[in-house]
Amino acid sequence: MSGPTPVNVIRKDPGNVTSLLLDWSKGNQSALECLVPIIYEELLRLARARLSRENRQCTLQPTALVHESYLRLADETKLQWQNRAHFYAIAANTMRRVLIDYARKRNAEKRGGGMIITLQTGMDFAQERAPDCLALDEALKRLARVDERKSRAIELKYFGGMTTEEIGSVLGIAVATVGRELRLGQAWLRRELSRAQE
Amino acid sequence: MLGDRWNRIEEIFHAALERPLPERDAYLVHACGDDRTLRSEVESLLANDGDGGATIDLLVANDLKDVARASSDSDSGLQIGPYRLVRELDSGGMGVVHLAVRSDDHYFQVVAIKTIRKGLASPHLVQRFRAERQILATLTHPNIGAILDGGNIDDGRPYIVMEYVEGQPITIAAENRSLSVRQRIELFRSVCSAVHYAHQKLVIHRDIKPSNVLVTPEGIVKLIDFGVSKPLAPELIPGQLPRTESWQRFMTPDYASPEQIQGRELTTEADVYSLGVLLFELLTDSRPYTLHGLSPAAAERLVCEEENPRPSTVPNLTERIRKEVAGDLDRIVLMAMDKDPSRRYPSAQHLDEDLLRFLQHKPILARKSSSLYRLSKFVRRHRTASMMACATVLVLIGSVLFHQWQSRRSDSKLREVESLADSAIFDMTGKLQASSASVETQAAIFRSALKYLNQLRQSSGDDPRVLLKLSRAYARVGDLEGSPYVANLGNSGVALTSYQEALRMAVAAHSRLPGDENTQALFEAYERLGALEFFLGKIEEAHDNYQRSLSLAHDFWKDKPEDPTRKRLLAMSYARLGDLQLDDLETDTALESFRAAFRIFGTESNGDEDHDVTLMRLYVRMGGALMEHGSPQEALANRRKALAISEALAQKSPSSNQAQQNLFEAYNFMNGPLVGIETLSVGDSTQAEIYARKALDIVEGMVGRDHSNVWARSHLAYGYGLMGDALRLTRPAAASEWYRKALLVTKEVAPSYPVGSYPEDWIAEGDEDLAASLRGRENALERVRLLEDANSVWQQLVHASPGKPQYRMSLMRSDCKLSDSELAVNDLDKARLYADSAVRFFDDFKITSQSLLVVRDLGFCYESLGNVQRQISLSPSFSAARRRAAHTQALQWFQKSAEVWSEWKRRDASTPESEIERHKVERLLRQVKSSDHRETVSNTLSKEQRLLPRSN
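For the record, the sequence lines run as chains P and E.
Quick note: the first sequence uses my numbering, first residue 1, plus one each step.
Quick note: the second sequence uses my numbering, first residue 1, plus one each step.
Just chain P, same shape as in the assembly:
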């Protein structure tokens, strides 16, 4: 169909994400806002693609998705390793959002917020009791109030799949410190999650 001039058209060049990243590293905060939806979409798409390709029984690694999305979206030749680290940081956070968004929606449906109330089977009940990303998200938020750095380190590792070096570079700490941050953070979270279950 021929229609009016296409709207919302951003001329895409391979360096779009790249340039955004570069922009952001120069201090342009709004570049971040532009990046997030692109990454969001990419992560979802990759997750879906992965799921259909692989055996449905095996687990999907979010880190793998983040890696892949990076490869697809950014032009490595133009970026420094610091930019890459930033990408991962954003991607990690975005990944977290993707999961939270979904979990919220899913929970809303289960509690009868929607029109259709399905009878809960025993299995559903069991699932509801198991901690999910929402619980993790809550726990992470609580951790952040206590110790923000640890919370970020966890996020970068588990949602972003970053290495300890990368985490160190993003957070500005030594590798050994990263290790210690993670260890305590993990323990704290695990405790929180098991407490929430009681």
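Keep in mind that the hints were calculated from the coordinates and are not lab data.
Ideal placement from N, C-alpha and C gives every residue a C-beta, glycine not left out.
There could be a bad hint or two in this list.
Chain P regions said to be covered by chain E (calculated; three or more residues, Cβ under 8 Å) [as the list claims (entries may be wrong)]:
(1) 18-26
(2) 155-161
(3) 164-172
Label pairs and their calculated CB-CB ranges [what the hints assert, rightly or not]:
(4) D25(E) to R142(P): 49 to 57 Å
(5) E148(P) to R322(E): 28 to 36 Å
(6) E148(P) to P142(E): 46 to 54 Å
(7) G27(P) to E186(E): 35 to 43 Å
(8) R142(P) to L356(E): 58 to 66 Å
(9) T140(E) to R97(P): 36 to 44 Å
(10) D35(E) to N28(P): 46 to 54 Å
(11) D51(E) to A144(P): 19 to 27 Å
(12) R142(P) to A326(E): 48 to 56 Å
(13) A54(E) to N28(P): 32 to 40 Å
(14) D35(E) to A144(P): 20 to 28 Å
Given chain P, put chain E in place with the hints provided.
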């Protein structure tokens, strides 16, 4: 926890981990000392150390899998053509809007894509979606979110690609930009212009609310989300009981008009209402009312009955705004929000214009609001649940049945119309203009109505009252779908279903409770079904149903033979059967039926309007049948009786519109036997002219008094036609002027018709009348053109209703007329083509037919064929042998034609016109017999000049 404490915990934690396991406890005791809490804190943390974060890993991975799987259940991530769905933007009841991205080598484009929710894509919904997509694609307006593309997903679901409008709802935008009252009105006016544009394209938005009226960052207003897949009434999901507030999810009730709430027919005025509410909110930052949390009944009461507050009376308005709004703006808003749709602005443009007047400080149109909001005819209280559901079901989009007085041509149309008119929705007010949407949308909507009915039936059980209502509802739906003027839509199949259902319901209701009402309903159900079946060419079935209705009526009457209602029912039953028989060209049988009707009903008027109108129509019928039978004088006598009755009624109530209309009818029906029906009339042009003028006076008077009287305007065409008929024999040139006027008016009125019910056959007949009245060489080409136009209409109609003999006859005759006119312009080849085309039908019709209409047309057709063969025999471009053969054939055809006209004599049915025809053909016969086939072409006068009566 305090920072210090946390640091402590951290320190101890890590230190403890550095010690080998057996030593940890000791260390802890040492490090924590007396602080029990500190110790248990660290211990619990240590206890949770050790799995290397596997718990978290697993948790995230599981959730991710869910996300991925869910994404494939929802459509997010789905690739549709070049677009990839990213996330949901909005979800209505059945449709979902996704944000989508098109990312290829050249563009990165963001759009909005609307599809039907996975799992809800029933075939009818799909069709409806597609149909609306078609219409929406035609909307090109700077203030309407554009449709960019469309197509089907692999699984067959259709989708629409729309401009992704980034913007804020108009109310919020106005706030954020601190717009003044005047500025807000200007903004609002763009909305009106967009809505009006859509209305002119016959699209109703149905869901105008702030979130559908966005303002882009550049300050442009965009109206989005037109009625695609929007349910027209609160939607019931199969298998579910409606929850109290669930209905509110599918409409935005705060903006819905009273008729939307009640599930009544929707017109463009519904949008005007919503515009009014929007304007209210735009001016005052609050809504006139809110329905959140109310039950459907309470909401209906609030919207349909409670008086609307004036915008200036909203609390918390600044003094300056209150002053600006009070007075004229108040009135404008209230007029737009009038509970009675006919009292609102008739169009969005009117609203726009009144706002402009306000801005220009000119006087506005809106009336001073009346403080009386009593029950208007559109508001009803005390609806029971089942009735409310029925009302919900009767979603009729401004459909109209037009009362066609075709009797000038063939009286059969009267009966067709009457049976529909008695039960039909006849409402030709300004709403005609608002008849919405395309053919396919109407069809889709009918199917939707049926679906609701079916659901309703499942939950309604055995209650005969409900069954009765349902029967009526089905019948009403069927009426619209199946009326011949709507049936071009191809809805007849659906209409049939509706009527069959109506019948089933009526039978059920009747068997449980065989009372008067149910019997009548059953009776009507048979009739409707029968009428449609006949129209569709299912003659057998039609007959059966009429017979059943007749015996039902008969038994009903026998039970109480003096009861006037029962008498009427039986008489009408006979009458309708007679109509059917007449339509089927069984004239004599029809006469019998009509006589039976008279026997039951009586032959004398008694002053009661209903009774007398019925009687009048019986006489009219009788007259028609007698004409076809070949007794024009008797026919005339019957029609005079009908006239006398209507004149008496008109005298009793001289100012009644209905009486005037009946009178017009009667004058109209005088025309046929006097001069209107070719060769079947007595040929009294003088009297015909008198009655024609009387009829014309009535309608012209009506139009003069009230220009918006649509009945009058459309019947004006008939009036002109009557004048044309009256003059066709004596002054054809003057007649052609009247015919031209008639055609003009019909075409003017035609846009008011719902799409698909354009009166094509009337126009075709009008074309043919005009053609017949145009004599002389100079008009030859126009004649041909008119006849060709008519011909294609007949072809369409034959195709659409193959079972109906009339259309075939008309086509046959049309082919012959064309053949003659082509001969007149010396195009023998074309003439032969048409002649051959006509021959196909000859076997369908017999000279022994009961109906003289058939015999007549055969007579003319044989003559035309004879003319063609004769022309061949005289044309030097054919071989001698060929010409000899043609000569013989010409003789045969003329002979047959002569036989036809003699048949008239034999039946004692001669009229002046038929005698003229007979003489003409006999002369032709003599000429051909005596002529030498070597006669040259130039000696042959054109048929026109020789055969037709001399005229100017």
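**Item:** Violated hints, by number in ascending order, as checked against the structure
**Value:** Failing hints, ascending: 1, 3, 4 and 5.
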